[in-house]
Amino acid sequence: MYTFSNRLRIGSFIAMAVGLLFLGIGFVSAPSTVEEAKAMVASAHGDGHGGGHAEEATAHGEEQGHGAAAAHGEEHDASHDTHLLHQLQNRPWSALYVAAFFFFMIALGVLAFYAIQRAAQAGWSPILFRVMEGITAYLVPGGIIVFVILVLSVLHMNHMFVWMDPETVAHDKLLQGKAGYLNPTFFLIRAAIFLGGWIFYRQHSRKLSLAQDESDDNSNFVKNFRWSAGFLVFYLVTESMMSWDWIMSLDPHWFSTLFGWYVFASMFVSGITVIALVVIYLKSRGYLENVNDSHLHDLAKFMFGISIFWTYLWFAQFMLIWYADIPEEVTYYVARFQDYKLPFFGMLVMNFVFPLLVLMNSDYKRVNWFVVMAGIVVLLGHYLDVFNMVMPATVGDQWYIGLPEIGGLLFFGGLFVFWVFTALTKAPLQPKRNPFIEESKHFHY
Amino acid sequence: MASKVIQALYNDDDVLMHAVKKVRAAHHHIEEVYTPFPVHGLDKAMGLAGTRIAITSFMYGCLGLTVAIVMMNYIMIEDWPQDIGGKPSFSYLENMPAFVPIMFEMTVFFAAHLMVITFYLRSKMWPFKKAENPDKRTTDDHFLMEIGVHDNESELAELLWETGAVEVKVTEKDS
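Taken in order, these protein sequences are the chains called A and B. Position one of the first sequence corresponds to residue 1 (the UniProt record's numbering), numbered consecutively onward. Position one of the second sequence corresponds to residue 1 (the UniProt record's numbering), numbered consecutively onward.
Keep in mind the hints are simulated off the structure, nothing from the lab. Even for Gly, the Cβ is constructed at its ideal location relative to N, Cα and C. Check each hint, because a few of them may be wrong.
As the list claims (entries may be wrong) - Which chain A residues face chain B? A few, computed with CB under 10 Å, are given here:
id : residue
1  : 227
2  : 315
3  : 323
4  : 324
5  : 361
6  : 362
7  : 444
Could you build all of it, start to finish, from the sequences and the hints given here?
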């Protein structure tokens, strides 16, 4: 049995407290009026930014060539200012949402990996099942938090999802056409169905997995195999829809048909990386004595392979849009190329170039500190990936990695560590009666 | 130059593996083992050095990537610039995304093909090469271990019979 070390527990509490404090500062310091927002931007950027826009607006007004030119300019200015206010108000919310989704996505990615191992009846991995079950335990609190944030968005506590605002939809033909699917009620019903299904499978599979240890036949194992296969079908459909709902709908005019796969690759590689990190940590504390280099090698191979897969999907999505150059599609990348250069290209280096070069050599996949180092970079890279998916739509060019963003990472990171390692103490770390456990113990490559 | 070798035949890969370990433990130099299929772990048991083909593969991949970049730059930018989909080909960098699939394919193509050719050459296999394996049965269901003889014929034969060989013979070998 694993006992939660005190240092780790205290560390997770400190992270949560500091994170909460940072997030609180972020929420309190968000502007509540247009004047405050303008003052914030003016003081942050000097005169350059605001002044430039004002000139642009005046020029725009004069071009009309009517007597109402000045009025037009003012109107434009006012709508721009409200937009700016909304962006600044969105910032702490987006920071909260990105971090909440990122850690939730790790648990969901691990759940998919776990279900694949079960459905494939893999012989190498059963020894890692308890670690995976521990990580997927975070699905319950993480999923509920994401759901609460979505409910608060529907209640207009923030302006992250513009299509939730009836005023905006009233002036937007495209959104009216999508309203049959993209409306707040159906949105929440879908979210509840997705989360309900995933959490149900997680809890049920865990129950069967524990029951298998105590039983004298393989019936629980067979049941788990069937549930896992069924779950994968459900997951494949719902994961895709979840990514449209929770992320792609932040840019409600834009769409990409492989977006679901893209988000899947991100969560899959983050999940596998976290499995590897937790396994290395537990092994360094003297647990999991039957886990050997070959298990680690296989996890690192997955990290390497899925990193390449992620890049493939990232590029497939980008290249088609870049080549076709259709205005309504290409705006998505224009926003990222103009305002998000560093996180956007930094993410490519962290998620592709770095793991490609570091994890290519077969021998390095067996070196613990190498895998840990690559893992941390990959995880930060995929946090940035979610950041790049959410922020351009919600805060535009007002992004910054500051207190609320770091606070979100710390708070949910602390909660994640606390929840996962508490779940790990609940059952022995090595399954007893899994029919493949002997093969897994002697796994050798 | 002809050299004297002793050849032991086995009919099971597990027996062969144990025999290899025993012969090595007795400090005899195994010249070669012929098997009908790859035996997992045999290279380690024989004490062969690790393969370096991965390094060549990386170099060939880099070569392929370079060839793709130079080739596309010549074809699409320098020699015959075209305007495709409103993207005039005047700059390699601005058209680079269109060349990424080619860069990827050429990297894989070079790495894969040159790696296979390297493997054949390194294994001294080329067209019209005379087969090296001393016994046809090693292409069917037998395993053959070959050890150089240095005036210790009877001692070696005894050891090999002990390890479970089904046949032991001494022959002259041209090399």
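Outcome of the hint check:
1. 227: violated, 34 Å
2. 315: For residue 315(A), the interface hint holds, since the closest Cβ of chain B sits about 6 Å away, which is under 10 Å.
3. 323: For residue 323(A), the interface hint holds, since the closest Cβ of chain B sits about 6 Å away, which is under 10 Å.
4. 324: holds, 7 Å
5. 361: holds, 8 Å
6. 362: holds, 7 Å
7. 444: Since the shortest Cβ distance to chain B is 9 Å, the answer is holds.
Against the hints set out earlier in the document, a violation occurs for number 1 only.
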